[in-house]
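Asks: So you can see what is in the structure, the chains are spelled out below.
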Amino acid sequence: MNERRAWAAIGLLPVLFLSAFFLYPVGAVLVRGLTADSTSLADIVSRPALRRVVWFTFWQASVSTALTLLAALPLTAVLANFRFRGRRLVRALVTIPFVLPTVVVAAAFVAVLDRFGLDRGAVNLRHTVWVILAAHVFFNIAVVVRTVGGFWSQLDDRQEQAARSLGASPLRAFWEVTVPRLKAALLASTAIVFLFTFTSFGLILLLGGSRMASIETEIFRYAVSRTDFATAAVLSVVQLVAVLALVVVSTRLQRRTTGTERLAVDRSTPFTTNRQRAAAVLVATATLAFLALPVASLVERSFRHGDGYGLGNYRALTERVPLLPVSALRALGNSLAFGVTAAAIAFAVGGAAALFVALGPKRLGKALDLGLLLPLGTSAVTLGFGMLIALDEPPLDLRQSWIIIPIAQALIGVPFVVRAIAPVLQSIDPKVREAAATLGAAPWAVRREIDLPLAAKAAAIGTGFAFAIAIGEFGATSFVGRRPGHLTVPLSIARLLGQPGEALRGQAMALSVVLMLVTTIVVFLVDRNDQAGVL
Amino acid sequence: MCSKSRSIRVLVSLAVAITMFASACSSDDVGDVATATSGGAESTCFADPGIDPIATPTGDLAGTTITLVTHDSFFVSEGTLKAFTDETGIVVEQVAAGDAGQLVSSAVLTIDNPTADVMFGIDNAFLCRGLEAGLFLPYEAARLGDVHAELAVDPHHRVTPVDFGDVCVNYWVDALPGAAPASLDDLTEADFADQFVTMNPETSSPGFAFLLATIAKYGEDGWEDYWSGLVDNGVEITAGWSDAYYGSFTAGGGTRSVVTSYASSPPAEFLFADPPVDAPPTEVLFDSCFRQIEFAGILAGTEHPEAAAALIEFMLSETFQSDIPENMFVYPANSTIALPDSFVRFGATADDPLIIDPAVIEANRDDWTERWTTVVLR
Numbered sequence: 001m002n003e004r005r006a007w008a009a010i011g012l013l014p015v016l017f018l019s020a021f022f023l024y025p026v027g028a029v030l031v032r033g034l035t036a037d038s039t040s041l042a043d044i045v046s047r048p049a050l051r052r053v054v055w056f057t058f059w060q061a062s063v064s065t066a067l068t069l070l071a072a073l074p075l076t077a078v079l080a081n082f083r084f085r086g087r088r089l090v091r092a093l094v095t096i097p098f099v100l101p102t103v104v105v106a107a108a109f110v111a112v113l114d115r116f117g118l119d120r121g122a123v124n125l126r127h128t129v130w131v132i133l134a135a136h137v138f139f140n141i142a143v144v145v146r147t148v149g150g151f152w153s154q155l156d157d158r159q160e161q162a163a164r165s166l167g168a169s170p171l172r173a174f175w176e177v178t179v180p181r182l183k184a185a186l187l188a189s190t191a192i193v194f195l196f197t198f199t200s201f202g203l204i205l206l207l208g209g210s211r212m213a214s215i216e217t218e219i220f221r222y223a224v225s226r227t228d229f230a231t232a233a234v235l236s237v238v239q240l241v242a243v244l245a246l247v248v249v250s251t252r253l254q255r256r257t258t259g260t261e262r263l264a265v266d267r268s269t270p271f272t273t274n275r276q277r278a279a280a281v282l283v284a285t286a287t288l289a290f291l292a293l294p295v296a297s298l299v300e301r302s303f304r305h306g307d308g309y310g311l312g313n314y315r316a317l318t319e320r321v322p323l324l325p326v327s328a329l330r331a332l333g334n335s336l337a338f339g340v341t342a343a344a345i346a347f348a349v350g351g352a353a354a355l356f357v358a359l360g361p362k363r364l365g366k367a368l369d370l371g372l373l374l375p376l377g378t379s380a381v382t383l384g385f386g387m388l389i390a391l392d393e394p395p396l397d398l399r400q401s402w403i404i405i406p407i408a409q410a411l412i413g414v415p416f417v418v419r420a421i422a423p424v425l426q427s428i429d430p431k432v433r434e435a436a437a438t439l440g441a442a443p444w445a446v447r448r449e450i451d452l453p454l455a456a457k458a459a460a461i462g463t464g465f466a467f468a469i470a471i472g473e474f475g476a477t478s479f480v481g482r483r484p485g486h487l488t489v490p491l492s493i494a495r496l497l498g499q500p501g502e503a504l505r506g507q508a509m510a511l512s513v514v515l516m517l518v519t520t521i522v523v524f525l526v527d528r529n530d531q532a533g534v535l
Numbered sequence: 001m002c003s004k005s006r007s008i009r010v011l012v013s014l015a016v017a018i019t020m021f022a023s024a025c026s027s028d029d030v031g032d033v034a035t036a037t038s039g040g041a042e043s044t045c046f047a048d049p050g051i052d053p054i055a056t057p058t059g060d061l062a063g064t065t066i067t068l069v070t071h072d073s074f075f076v077s078e079g080t081l082k083a084f085t086d087e088t089g090i091v092v093e094q095v096a097a098g099d100a101g102q103l104v105s106s107a108v109l110t111i112d113n114p115t116a117d118v119m120f121g122i123d124n125a126f127l128c129r130g131l132e133a134g135l136f137l138p139y140e141a142a143r144l145g146d147v148h149a150e151l152a153v154d155p156h157h158r159v160t161p162v163d164f165g166d167v168c169v170n171y172w173v174d175a176l177p178g179a180a181p182a183s184l185d186d187l188t189e190a191d192f193a194d195q196f197v198t199m200n201p202e203t204s205s206p207g208f209a210f211l212l213a214t215i216a217k218y219g220e221d222g223w224e225d226y227w228s229g230l231v232d233n234g235v236e237i238t239a240g241w242s243d244a245y246y247g248s249f250t251a252g253g254g255t256r257s258v259v260t261s262y263a264s265s266p267p268a269e270f271l272f273a274d275p276p277v278d279a280p281p282t283e284v285l286f287d288s289c290f291r292q293i294e295f296a297g298i299l300a301g302t303e304h305p306e307a308a309a310a311l312i313e314f315m316l317s318e319t320f321q322s323d324i325p326e327n328m329f330v331y332p333a334n335s336t337i338a339l340p341d342s343f344v345r346f347g348a349t350a351d352d353p354l355i356i357d358p359a360v361i362e363a364n365r366d367d368w369t370e371r372w373t374t375v376v377l378r
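Heads up: the protein sequence lines correspond to chains A and B, in order. Residue numbering for the first sequence follows my numbering, beginning at 1 and increasing consecutively. Residue numbering for the second sequence follows my numbering, beginning at 1 and increasing consecutively.
The reader is advised that the hints may include incorrect statements.
[Stated by the list, open to error] Facing chain B, from chain A, some residues (calculated, C-beta under 8 Å): (1) Glu3; (2) Gly117; (3) Asp157; (4) Arg158; (5) Phe229; (6) Arg363; (7) Ser401; (8) Ile403; (9) Ala503; (10) Leu504.
[Stated by the list, open to error] Simulated restraints on C-beta separations: (11) B:Ala193 <-> A:Trp130: 17 to 27 Å; (12) A:Pro48 <-> B:Thr85: 48 to 58 Å; (13) A:Ala367 <-> B:Thr85: 45 to 55 Å.
Simulated from the structure, these hints should not be mistaken for laboratory data. No experiment lies behind these values; they were computed from the predicted model shown. The C-beta atom is built at its ideal place from N, Cα and C for all residues, glycine as well.
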């Protein structure tokens, strides 16, 4: 009885959070749109143009996800299995693309195309789907490396060693022993990357010119440019249904794959052969080079000042530019403050949810997990506008308050925290806990000594990621409306890029570089390894 | 083990099938999802709303706090709104709500419980959308007499003009392949093949203004042919102004020397040049200019109509109006204001800009953008 009440209390926090800040706003705006007079809804749904848009959205999301996995897995394998100097740095560097605002990424990719002459003549990639796919991979490699890598690095490797000693080649041991054990994490990260690319907005809009239309860009077009909330609502529902279907399928597949695993705190070992080291260096270099290319063009541009190179753009950031209501430093402070708050909220809500999902009642846990994933697959316009009309009266009169920004950011961060912690908790063999109890440990001591060390590392990874997302975020909160004093770095960059003038552009690039640096440092620090003295 | 590998195999074959299928019928059309219901010829936009205008504020309003909602490009110097507070005791909190389209859409969405008391930034392209939705309360500003006559578009004063600018084709003088363009017709000539970049009217406000310019110039029956001509001449379409100006245009290192931008872009290029220059690198094609007017209005549902009216008055005052040019790069509506040096030397507005009645814009907007999409993007 006590236990049931305890679980109810734990589960209540994420359920309330999700209901108040997601289900209620989205429900409100969808009801408003769907009950509006105008065109018949059946009419809207049956248009061939809608089917084309839905198809394209699915196609580009699937291919982006597949490519991301292909690109990310080699590096993930290296980071999880080998310990080497610079490992933490590499992991932090991989996260950088994820925090870059889409405006900046789009600008960087255009610059790369220009530098390699790929936007004219025989091979013209400008405004093609290939640039969009490349940009999606660029963005989402971090998701796979961190979620799969985090879990993988904690898998005890005795099963693989047993297979090896029985004569299996390394490749066979990997394919037949490791991959099945990784399935849960793989499926989880695949689902997340698919959701992100499915609802991708900025990149498709900016890199696709106007010829690519996804469900998300169409929702924006109808809600914002045409004030046609009915069509936008129908499209949102289609999007939500697609997302729900995907999540249900992925959960079904995951159910069959989770078993208990023996977990180590860190499975990595130093290189044992030169060939391993060479292969690892090759993989890390290749992946980082791909990520570095657009970033390098940004960095180079940020130092271009006057007739040559210099720190002028960076110096300008400390003063107040005419176009921005606050100085860039203040915007950075805002971004950090919001990011920390969002990460804290995501940690509290996600931590409770992970406990519930991993160790609480099974069916309710599944439902909660599904529910928490929905914000990733919901249009930012829908959510933002929903907050605007729903959160307008006490006790939830928050639409003008600063807190709405980290809340909206946390909605996206929570699933990451859950997905980082829950698999770890689920994989702890209950027999280990029972053994501890037999040896005399009280229940809370069992949790503290067994679960906590393993979960803490996963929690750090997940929360760090939630922070990175919050810092680079640009989505739902831009539809709620903000005070000038709350200006964040991504918005500042967007505004600087919104006016003619080389000086402003240089400052936008400099600000992007600062954003990248700050994130790398924070993520690097959060990524604590329990092995002392190892980078 | 068997069932697990089976499910992988199913997944993989499904994925492969989808990819092969999809690449066989790749679809990247911008489709239209809803039927266009272009408004009838009868527009209710400027009809009498039947609401009594708010009286000129007289009493002491000190201590009131009002909210001003604007688009993201609103900017005034630090002391300006503070000067208003010092003068009247009214505190103004400003909230930014996205671009002009978003500003109007979110206001329509929250009309029953508005987020602010005053809106600034609705422009002539969106004006009738706002008026027909009943967003504003009428108020006749005292300084309306100082405003350029053609800007006060609403006879019932539900909105007050605050600034104006022209959306015009800009060109980078040194990057042109030949002579400078003298008229819109030149852009379809061989001299300007693959030189012009402009924006999608549905996702970009200047892009829409340029479309309106072509409709005003070539008429309902001629503008689609003009755009076919542009397409044949290699025009590039981007989603937004930044990726046109900083992506494809010479300013961003691109290959195109002609872009849709603002009449105030040359002064901005001059002011923010790095390294500093003696004269702007760009010039304006005045034949292509479309007038954009920005308005402010008191939102219906406000709890502080008198304080809101005081703010509207302030927006036409010298303090506010003279702050506008070098912050927002548009021209003050108040004709008595002196312009800053950069505007006097390098800025200009068209003497005879292209205009279309806001009611006509609203009635035909969806139809025009659909037809544009058909001609240009398909």
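Asks: Please go over all the hints and tell whether each is borne out by the structure.
Replies: Here's how the hints hold up against the structure:
1. A distance limit of 8 Å between C-beta atoms decides the matter here; for Glu3 (chain A) the minimum to chain B is near 32 Å, and the interface restraint is violated.
2. For Gly117 (chain A), the interface hint is violated, since its Cβ never comes within 8 Å of a Cβ in chain B; the closest pair sits about 11 Å apart.
3. Taking 8 Å as the C-beta cut-off, the interface hint given for Asp157 (chain A) is violated, the closest approach to chain B being about 20 Å.
4. Given hint, Arg158 (chain A) at the interface with chain B, is violated; its Cβ is 19 Å from that chain's nearest Cβ, farther than 8 Å.
5. With a cut of 8 Å, the hint placing Phe229 (chain A) at the interface with chain B holds, because the nearest CB-to-CB distance is about 7 Å.
6. Because the smallest distance between the Cβ of Arg363 (chain A) and any Cβ of chain B comes to about 22 Å, over 8 Å, the interface hint for this residue is violated.
7. Taking 8 Å as the C-beta contact cut-off toward chain B, the hint placing Ser401 (chain A) at the interface is violated, the least distance being around 11 Å.
8. Among the interface hints, the one on Ile403 (chain A) is violated; its C-beta lies about 15 Å from the nearest C-beta in chain B, farther than the 8 Å criterion.
9. Interface restraint check: Ala503 (chain A) against chain B, minimum CB-CB distance 4 Å, threshold 8 Å, status holds.
10. The beta carbon of Leu504 (chain A) comes within 5 Å of a beta carbon in chain B, closer than 8 Å, and the hint placing it at the interface holds.
11. Between Ala193 (chain B) and Trp130 (chain A) the C-beta distance comes to about 25 Å, which sits within the given range of 17 to 27 Å.
12. In this structure the supplied range 48 to 58 Å holds for Pro48 (chain A) paired with Thr85 (chain B), their Cβ-Cβ distance being about 56 Å.
13. For Ala367 (chain A) paired with Thr85 (chain B), a C-beta distance near 51 Å keeps the hint of 45 to 55 Å intact.
The earlier numbered hints that this structure contradicts are 1, 2, 3, 4, 6, 7 and 8.
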